[in-house]
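Participant: The listed protein sequences correspond, in order, to chains G and B. In terms of the UniProt record's numbering, the first sequence is residues 1 to 176. In terms of the UniProt record's numbering, the second sequence is residues 1 to 383.
The hints are simulated quantities; they were obtained by calculation from the structure and are not laboratory data. Ideal Cβ positions, reconstructed from N, Cα and C, are used throughout, including at glycine. Any given hint could be a false lead.
Stated by the list, open to error - So the derived list for chain B, only partly shown, Cβ under 7 Å to chain G, looks like this: (1) Arg101; (2) Lys104; (3) Lys133; (4) Lys134; (5) Asn165.
As the list claims (entries may be wrong) - Here are the simulated EDC-like cross-link-like pairs (lysine to aspartate or glutamate), alpha carbons at most 16 Å apart as the crow flies: (6) G:Lys94 <-> G:Asp109; (7) B:Lys130 <-> G:Asp57; (8) B:Lys104 <-> G:Asp57; (9) B:Lys130 <-> G:Asp148; (10) B:Lys99 <-> G:Asp148; (11) B:Lys99 <-> G:Asp57; (12) B:Lys130 <-> B:Glu146; (13) B:Lys104 <-> G:Asp148.
What the hints assert, rightly or not - One side of the interface only, derived from the structure: several residues of chain G facing chain B at Cβ under 10 Å: (14) Asn29; (15) Asp55; (16) Ser92; (17) His96.
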Amino acid sequence: MSTESASAIQKSQVDLVDFVDWSGVECLNQNSSHSLPNALKQGYREDDGLNLESDADEQLLIYIPFTQVVKLYSVVVKGPEEEGPKTVKLFSNKEHMGFSNVNEFPPSDTAILSPDNLKEKPVVLKYVKFQNVRSLTIFIEDNQSGSDITKVQKIALFGTTVETTDMKGLKKIEDH
Amino acid sequence: MVLEATMICIDNSEWMRNGDYSPCRFQAQADAVNLICGAKTQSNPENTVGILTMAGRGVRVLTTPTTDLGKILACMHDVEMGGEMNMAAGIQVAQLALKHRQNKNQQQRIIVFAGSPVKYDKRVLEVIGKTLKKNSVALDIVNFGEEDGRKPEKLEALLSAVNNNDSSHIVHIPPGPNALSDVLISTPVLNGEGGGSDLPAAAGGNDFDFGVDPNLDPELALALRVSMEEERARQEAAAKRAAEESARQEKVEEPSSNSQDATMVDSADDRASEASGNNTDPVQAITLSMQTPGHNDPSVHDVDMSEATHEEEELAIALQMSMKDESDMSKVLEDQSFVSSVLASLPGVDPNDPSVKDLLASLQGQSESEQKKKEDEPPNDEK
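The following block holds chain G by itself, in its conformation from the complex (with noise of 0.2 Å):
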């Protein structure tokens, strides 16, 4: 019944990768050759060639505001079997975090990603503490293996729009 109702929920759920404002993503401890646009964009997300990975270290910082406010259902790590990241932080509506302050606030949740996670079975979040998510952070803190460099091959976010207005969309009303 529950999964009944789980799948139910997730039809109507969209992939919230068109309201991502992609001028203020951010990502730290990227490799400048394997940046954050080959795991989150359309496109270069399902090319498993593709990947995001991490440079100094294995962690990995992830900023994503959008362009209206939503709601978040679940999320899709994709990544290899080894190098693929294992806990992942996520922290709502929290701006320009730094690698020094992400384990000052509790997070919004985390998520201890499995083998199948890594193959695209989503994770489904505690709906209730993303009901207005201007902006998400992703912080993955280690990976799979405990190797040097994490790699990501694909970051799918799925939930709703919450009805805001769109200002693009508004319309000079005709004098009569």
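Starting from the known structure of chain G, arrange chain B on it as the hints suggest.
Facilitator: Using the frame of chain G, we list chain B on its own:
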């Protein structure tokens, strides 16, 4: 013109009293700092610079990143020498100061003046470097003053740990007659990625294709570049065409021109690199490339150049070379309009000048004649 927030870490330890840089190391350092602040704020008005001292009673921040040059210069007056430099703490405090910058869009950069000996282990420095890289902070190191054997090594290790895409640099400045600031002018510390736009570039320190500075002679550089590209395209096309035509009717010149074309590609590349390396006369470079033998229509060389001025002559020769593309006539004809638009945009050339018009017409005549020759008719005389 990168938007940057910079923290400058000054060494004000006892070692700075030494006089091997005039008047003393500390003064030379202060001048260099003033120079850097000026350059940073000039290159982008929103850039901020902050200063901290690493020695004395401990690491002390004199100013947090600010755009106010006067405030920065005023702070430099109050600095006193003494104690020992604490580089690790200095860099960490600088990192913290940058983290709390007001404009989060600014890139973070730390400039460290390392005048006294470095007492840390290489490993400690590498860890510091990695933390900086992880937080995308760039680091510039100015190594001057005390020279002990291990110092340059350690600083290089720090640099390689931080360096991400060549955004970080190290400069070694031995004591000498030149002031610290003068030496710094020509380094990437002041010029971003080398080749400063605001400060006059050091003479002979620039590498350009063809040995011609585009700032000094833009039309010549443009013409050379255009002809080089056209030449390369023509080479490829000629090689393809030669392969096809070898199965077709025999042209006696084909095999010889094929091999000559192949050698010409190599030799043209060599010459181009030679020319840029030795800064040879650009006219020489053009004539060198012109000297390669074995083209199907040597008559094309004869263009009436007597009316053209010297500059136009070089331009015309370069254009000729590009006009020799036999196989891709449509491309050439398009280039014709491109050529005239290029000529029109050049400052020294007036398209209505009769000599220029003659040139253009003669080039057009050549291309027509090449086209006819392609159909195995004898070449027409140029007009």
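Participant: Next, verify each hint and record whether it holds.
Facilitator: Tested hints:
no., hint, verdict
1, Arg101, "violated (10 Å)"
2, Lys104, "holds (5 Å)"
3, Lys133, "holds (5 Å)"
4, Lys134, "holds (5 Å)"
5, Asn165, "holds (5 Å)"
6, G:Lys94 <-> G:Asp109, "holds (13 Å)"
7, B:Lys130 <-> G:Asp57, "holds (8 Å)"
8, B:Lys104 <-> G:Asp57, "violated (23 Å)"
9, B:Lys130 <-> G:Asp148, "holds (13 Å)"
10, B:Lys99 <-> G:Asp148, "violated (25 Å)"
11, B:Lys99 <-> G:Asp57, "violated (20 Å)"
12, B:Lys130 <-> B:Glu146, "violated (25 Å)"
13, B:Lys104 <-> G:Asp148, "violated (28 Å)"
14, Asn29, "holds (5 Å)"
15, Asp55, "holds (7 Å)"
16, Ser92, "violated (19 Å)"
17, His96, "holds (5 Å)"
In terms of the numbered hints stated before, the structure departs from hints 1, 8, 10, 11, 12, 13 and 16, listed from lowest to highest.
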